[in-house]
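J.: Below, each chain spelled out in residue letters.
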Amino acid sequence: MTVSHQLLAAGLDLGYGDRQIVSALDLAIPPGKLTVIVGANACGKSTVLRGLARLLSPTRGAVYLDGKPIHQMPTREVATVLGVLPQSPIAPDAITVSDLVGRGRYPHQGWFRRWTPEDDAAVAQALRATDTLELADRPVDELSGGQRQRVWIAMALAQETDLLLLDEPTTFLDINHQVEVLDLLTDLVRNNGRTIVVVLHDLNLACRYADHIVAMKAGKLVAEGRPSAVITEEVVADVFGMTSRIVVDPVSETPMIVPIGRHHVERAPA
Amino acid sequence: MTVLVDSAPVQASRRRSARHRRWLAAVLMGALAAAFAAAMSLGDFPVPLSGIVRSLLSPLTGLTDRGVDFIVLQVRLPRAILAILSGAAFGLAGITFQTLLRNPLASPDIIGISRGASAAAVFCIIILGWSGLAVSIGAFAGAILTASAIYLLAWRQGATPYRVVLIGIGMDAVLIAIISYIFTRARINEVQQAMAWLVGSLNAARFNDIAVLALAMLVLLLALAPLLRNLDPLELGDDTARSLGAPVEPTRLGLMLVAVGFAAFATAAVGPVGFVAFVAGPLARNLLKGAGRGFLHAALVGALVMLVSDLVAQHLLPMTQLPVGVVTGACGALFLLWLLMASGRSGRVN
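Quick note, the sequences are listed as chains A and B, same order.
Heads up: the first sequence begins at -16 in my numbering, then just goes up one per residue.
Heads up: the second sequence begins at 20 in my numbering, then just goes up one per residue.
The hints are simulated quantities; they were obtained by calculation from the structure and are not laboratory data.
None of the values given here were measured: they were computed from a predicted structure.
It cannot be assumed that every hint is accurate.
[Claimed, not checked] Ranges of calculated distance between the beta carbons of each label pair, as one might list FRET restraints:
#: 1; chain 1: A; residue 1: -1; chain 2: B; residue 2: 334; range: 44 to 50 Å
#: 2; chain 1: A; residue 1: -1; chain 2: B; residue 2: 266; range: 20 to 26 Å
#: 3; chain 1: A; residue 1: 100; chain 2: B; residue 2: 230; range: 29 to 35 Å
#: 4; chain 1: A; residue 1: 173; chain 2: B; residue 2: 181; range: 37 to 43 Å
[To be verified] Examples of chain B residues lying across from chain A (beta carbon under 10 Å, computed):
#: 5; residue: 31
#: 6; residue: 35
#: 7; residue: 118
#: 8; residue: 150
#: 9; residue: 173
#: 10; residue: 179
#: 11; residue: 258
#: 12; residue: 304
#: 13; residue: 310
[Unchecked claim] Computed far set for chain B versus chain A, every beta-carbon distance over 10 Å:
#: 14; residue: 25
#: 15; residue: 29
#: 16; residue: 55
#: 17; residue: 56
#: 18; residue: 78
#: 19; residue: 192
#: 20; residue: 208
#: 21; residue: 226
#: 22; residue: 229
#: 23; residue: 252
#: 24; residue: 255
#: 25; residue: 263
#: 26; residue: 265
#: 27; residue: 266
#: 28; residue: 353
#: 29; residue: 354
By construction, the Cβ of each residue, glycine as well, lies at the ideal position given by its N, Cα and C atoms.
Kindly generate the complete structure, drawing on both the sequences and the hints.
T.: Quick look at the structure:
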């Protein structure tokens, strides 16, 4: 990756029909970092991601990609810079891994341009990065959940974009596969200098992996910054409506949230 | 960022798929050629293979045999060509809808488009008292009108596949009611004529009909080719397609227009021959085993199903010729049951 691209939202209102979900959001995605958006269900975190990805048009404000309003740019041009993995992509019946990943090459192919060695190289690279090269000939519907998610990430990687937006890529995965996927995203940021934005459910994993965390509540931004700087007991209480203790993650020294709940009383720290 | 990576495994995988596609296309073409030969040869007046070749080449070689030439060139050839063309058109209409709507049940004969043609034809025959070419034109208009109505009713900031299928099935039920109502007001001989049209047959194969269908298919194929490229991302879901930079709604509308065109022209030519559009795509996909989208293969399977069904319809019962729609209907219904049972196990029909 040579150039770092800038993605930012200014005064962004998003909604479906008459229902407004996100209001007056200002957000700048730090380049070359892993940004994680967290918040309770229905707080609008996926909506923000869809807005940033130009999949949802703003009702007010705008999203800017390198200073240009993204909704007015040719969508194909955007697709060479910004890749998206939506929450529930559909794998056609019986499609093979290499065919699926190859479809990430679409924005690089023109009307008359056929499949080239560069396309093969990009697909091979994406399969290697996600450790799925040996699955190339397998039908996607025979893979495990973790493998399938890695294959979808490979599809987005084959697009060879600097910016990558992923909507809850770890949902429905076992804990080991969740860590696997987040490790992979971290590799992509550290080794290739990509800019990645992920919506995550698990607050502890979010704190551990995020370079930059964005906490949302009811369509508004509550806090953003380094997890250790922003995730406090007050913020968790505000965002999730839940009392908790925050301890230091013994492995990564990032904040770790310990919920309290109704059936346990807080004991004084030892 | 072109980091050097060994892309040999990816290349190999792609080549294996391409080989399987070509091999399967060759096998299907071989089968189609065999069925064509059988269609030209079999009948009350069997013609040996050498006779067929001589007859087909007679305009060039001048070696004629009036009796044989009449049977081969005037009776059997138009019938076989019409079967192949209409079968291919139904197959393409079916696989386009099934791929676009991501549902193997979503072929034009299930989601109401063929029924629209039927309702219009029944209206033309019984209420207007038309026959022949006028009925075909009416059926064509009926298919287009029904498809537009389904698309408009399904539209809610884009026509999502699920809504199109549901509204199509509802539309189908409404059209069945209309057809039944028209029948209750008709005289028995009109009903007979309308029923014959509804079953669909190749009995009235004329070179004029063939020329219209062939020309329409040529235009539709030219329109289909560039749209197919955009279908690649569209198959992965609307959001994924948009993020890959594909024009989602224009592609979907264009493909629907082309598919409706294939279904409407084929229906106008041979009647709403049931289930050919429905079975061609899934059969082709099953044979391909994930090695491609299978549009060419679905067209070949559709042509083969139509031609073989017509052979069976003509020769199954001694002294009786069945309309081709009876055979495709009977086989198609069994195929539908099998598909529902098989998908019930794997949960693929969504």
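J.: Given residue 304 of chain B as an interface hint, is its Cβ closer than 10 Å to any Cβ of chain A?
T.: holds, 7 Å
J.: Is the Cβ of residue 25 of chain B farther than 10 Å from every Cβ of chain A?
T.: violated, 7 Å
J.: Hint check: is the beta carbon of residue 150 of chain B less than 10 Å from a beta carbon of chain A?
T.: violated, 43 Å
J.: Mind checking the CB of residue 31 of chain B against every CB in chain A and telling me if the closest is under 10 Å?
T.: At about 8 Å, which falls below the 10 Å cut-off, the nearest Cβ of chain A leaves the hint on residue 31 of chain B intact, so it holds.
J.: Taking the minimum C-beta separation from residue 78 of chain B to chain A, is that value above 10 Å?
T.: holds, 39 Å
J.: Just checking, residue 265 of chain B versus chain A, shortest CB gap more than 10 Å?
T.: violated, 6 Å
J.: Just checking, residue 29 of chain B versus chain A, shortest CB gap more than 10 Å?
T.: violated, 4 Å
J.: Would the non-interface assignment of residue 353 of chain B survive a Cβ cutoff of 10 Å against chain A?
T.: The claim stands: residue 353 of chain B keeps its Cβ more than 10 Å from every Cβ of chain A (closest is about 21 Å).
J.: Over 10 Å to the closest beta carbon of chain A is the bar; see if residue 266 of chain B clears it.
T.: Violated: least Cβ distance 7 Å, not greater than 10 Å.
J.: For the hint on residue 258 of chain B, does the least C-beta distance to chain A fall short of 10 Å?
T.: holds, 4 Å
J.: Within 29 to 35 Å: is that where the Cβ-Cβ distance between residue 100 of chain A and residue 230 of chain B falls?
T.: violated, 45 Å
J.: At 10 Å, judged by beta carbons, does residue 192 of chain B keep clear of chain A as stated?
T.: Correct as stated: the minimum Cβ-Cβ distance to chain A is 27 Å, above 10 Å.
Going through the hint list in order, the structure does not satisfy hints 1, 3, 8, 9, 10, 14, 15, 23, 24, 25, 26 and 27.
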